[in-house]
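Asker: Each chain is listed here by its residues.
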Amino acid sequence: MLFQLEKVTKTYGRITALKDLSVAAPKGAIGLLGPNGAGKTTLIRTLLGLINIDRGGGTVLGRDIRVKPLDIRQRVGYVPENECLFPGVTGVDFVRFAGELCGMDFDDAMQRSHEVLDYVGVGEFRYRKVESYSTGMKQRVKIASALVHDPTLLILDEPTNGMDPAGRDEILALAHDLAHNKGMSLIFSSHLLPDVEHVCDHVVVMNRGQVIQQGRIAELKRVHRQRYQVRLKEPPEEFIAKVKEAGCIVDFRDDLLEVQMNDGQDESLLWRIASDLSVQIRHLRPQRSTLEDVFLSAVAEVR
Amino acid sequence: MAADDPRTHAGPPVVRPDLRLKEGEQPVPAPRATEVAPVVIRFDEVSKWYGPVIGVNKLTLDIPPGITGLLGPNGAGKSTLLQLATGQLKPSQGSVTVLGEEVWGNTALFRRVGLCPEQDAFWEWMTGKEFVTTCAGLAGLSPAGPAVARAIHFVGMEEHQDRAIKGYSKGMRQRIKLAQALVHDPEVLFLDEPLTGTDPLARRDLMDIILGLAADGKSVVVSSHVLYEVQSLTQYIILLNRGRLVAEGSIRSIRDLIDKHPHKIVLVTDRYRELASRLVGWEDVEAVQVLRDQGGVMVETRQPDAFYARLPGLVADGTPIREVYSEDDNLEAVFKYLVK
Amino acid sequence: MPVFEQGYKHWDGDLSGHAWRWWTIARQGVRIAMQGWLLRILTIMALLPALVLVCVFVLWGFLEQQAEWALPIARMFFPSEVVADPAAYRIIVWTLAFHFFFKFELFVSMILVLLVGPGLISQDLRFNAVTLYLSRPLYRWDYFLGKLGVIGWFLALVAILPAVVAYLLGVLFSFKLSVVADTWHLLLGCVGYGLVIVLSAGTLMLALSSLSRSSRYVASFWVGIWLVSSMVAGVMTGIHGEQAGRAAMKAAVLDARQQPGNPMPAHIEQWRRRQAAEMEAYLDDWRPMIAYTGNLERVGRALLGVDAVVDRLADEVVGRRGSPEGRVMTRVIFSGPRFPWEWSALILLALFGASLWLLTTRVRTLDRLS
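Protein chains in written order, with this note's numbering: chain A, 3 to 305; chain B, -2 to 337; chain C, -18 to 351.
No false leads were slipped in.
Only pairs whose alpha carbons sit at most 30 Å apart, straight line, appear in this in silico DSS-like list of lysine-lysine: (1) A:Lys235 to B:Lys215; (2) A:Lys223 to A:Lys9; (3) A:Lys235 to B:Lys257; (4) A:Lys184 to B:Lys333.
Anything over 12 Å on all C-beta distances counts as not near chain B; from chain A, calculated: (5) Ser24; (6) Val25; (7) Arg57; (8) Thr61; (9) Arg65; (10) Ser134.
Hints were generated in silico from the structure; no laboratory data involved.
The beta-carbon is built from N, C-alpha and C at its ideal position, and this holds for glycine as well.
Kindly produce the complete structure, drawing on both the sequences and the hints.
Answerer: In structure tokens:
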């Protein structure tokens, strides 16, 4: 069990950030989703033992959040969302200092700092002052500073914010590698659902201080039977007409057709029609819900 | 090259007025323009440098009406392009024209152009309504009341318009920024990273708003790093790298033009190894990869047209193809191939 | 030959206990601060009086031993009875040596704090480093203590360490352990005074540093508190003294009118009375408490036992040969205003408390809504 919380409640004055929240997550890569204001940041801070909860309790990596918060933070690496850095130092010093703050020895921290900077892809830039870095570099150094003490759990809060597509790909590959090949558990909080889908196996959806949905992504995404997405090369009007003749329902959105077939029909019908009309089918896949669908339906249910 | 692809650079562009069909409705054949569509924004050999640093380098492009995606890695010149088009910078070389008029120093033109910048800089103590009213005043609107109300209604912020901006969530801030860009009813809008930091709910709403703007006849240029979001908004993109124009046009037509990388097409079928051996025999197939997890094959070909044309015949011959899709027919792949 | 893993490797090493975190923070702060060339030059310059102090004590040690080469040098600085019997005057000389050393170093400390202090917390607030600190296994107090340690390091180097070294050398070179029995309170006083400066000025500077994200504003606050308060105190003390002097002069004039045929020429008498009144007024004045450094100085004097020693000096040494005015002048030159030191201690304590309160509100834990 990676972490578990039981009936945790936290209020700030009139605002209830977490309401009777209970959740248990297994080891692995966990996605944390939720609209703004759902309580994701408060949840993360609770897990790190940084806030005093009003009611309830829980454990992270087997340690009680109320009793051993420092112990937890020694085993957890946290990459906060907003821009933050130790001023006035080079990249190497930054990561080394972060290691020392976790209790590492100076030399150990120095050696480890270089190792981790290699991994996140900061090359010669590491000898320059951190203030001069681009957003992508700053993000990588932040991640390096969270990895330097070899945490068991890495918490990433919007790690690809503001990065260009190449940088985003690299960070996601890094997260995927750590979670699936290196045995590190991950909590990945992001609004970019395709990113979460790429990295995580398990997802926790929050809204208004409660967990409204959790489970393995593969199980939450249903495959719609006999429902297909189709795209043609040519304008689809004739094709749609023929498909409808066969008794199917066609929904036309952007340039994608969604065809709902009846029992006894399958995609061979579409190929036949395509052959008859001499059109090219360029895309044919069974309809799968995306993580976005899962998210939106979960949030809509509660509303 | 697909001549039917909307707004291809080479052929007469086709503007689709209706992007969603209602239940039971027949699709209306899209009207074909008989003349070359008007150019909204034109860059003519524009260069801009800041001291020795080059922002854009001999940029020549025409942006047609509708939604256009502006993409590029960091430092590619996207912000420079936006600033040149909105008159914040003067080109070191060349000329920038929007709606047929030169931009630099043309204050009358700014009435017809709106900018939703990336930075989150507001007068935090103002309410949403006051903020939009102030911006309307700056744009020269007087009286501003009805225009402000219309803009706020359009972005869906009526409920929160009397709250101070300090208490707004990220999605609300983006919307109010959009409202101030819209309040003077411009014909052209520039949106710089409009969807950053918004949760999926707010993102859906904002995307619908942007699509609505295009449906209203406005031209929108959206600059973003998040490729799949851009792809949901439009098929027409401009790709910059190192201050130069790398590609312009619809994603699919650009993909077709990239000769260096053969198209990767996946076919899923029951007896995939048999299919694989058959496909290897086709002339236009360059490589066949067996995908064991998916139960299919991935084919690389430089002649996708010819390949797709043969698929229905394959099915008729007795190979039921359950799925066919292209791995790299999307913006991510195009971006990766062109920017290296 | 195996092919080695190039990606992420796990690390399995020792992690030190939480007790030393503040030291890590302090060490990092010192390292960063020392990158500035101005600070390095100033630190070296601040060590010059330390050198002088050490030389004085070494010299005194040799004087006590009545070493041949020491006597002529000593005669240049000290009156003959001191040279003849150093042991009796040891307390006086040592106390005054420390007193003047600290007087100078107090000024230098204020400048060092000005150079080192402003960026300590304000930069962290500006670049949002506080989140990084607090999300690690340490408490807020480790953070504050670490930052205080940066200031403390420099002040200790410049003030406390030289005093301790000088004391030890003085004891060593006098070759008599009985010295310690007489003077150990001085050692305690020096260290105590140094700690008071570190705690008071340090927390005050940290509190100011937490007020703003710009180190320049913080530096100006500091200069304001230090210099402006000193100037105001100086002006007010001066005015007070002036008034007392004028009053005395008027009284002298009246006296002169009532007693014709006074042996002293009138204006000299007036002048003498005026001087006396001004000096008395100075010694009685409480206004120096307005200056921040005035309070530090007063507490320091109490810790070192300066006033008692100076009284002894005034009565025994100067009084024996000089005039009553000489005694008062000695008191004025060598010590200072005699208001109760408890008042200054209270003021410093109040400032200390206010600084701590300010720090805890400005550097908030992450237990709040973002």
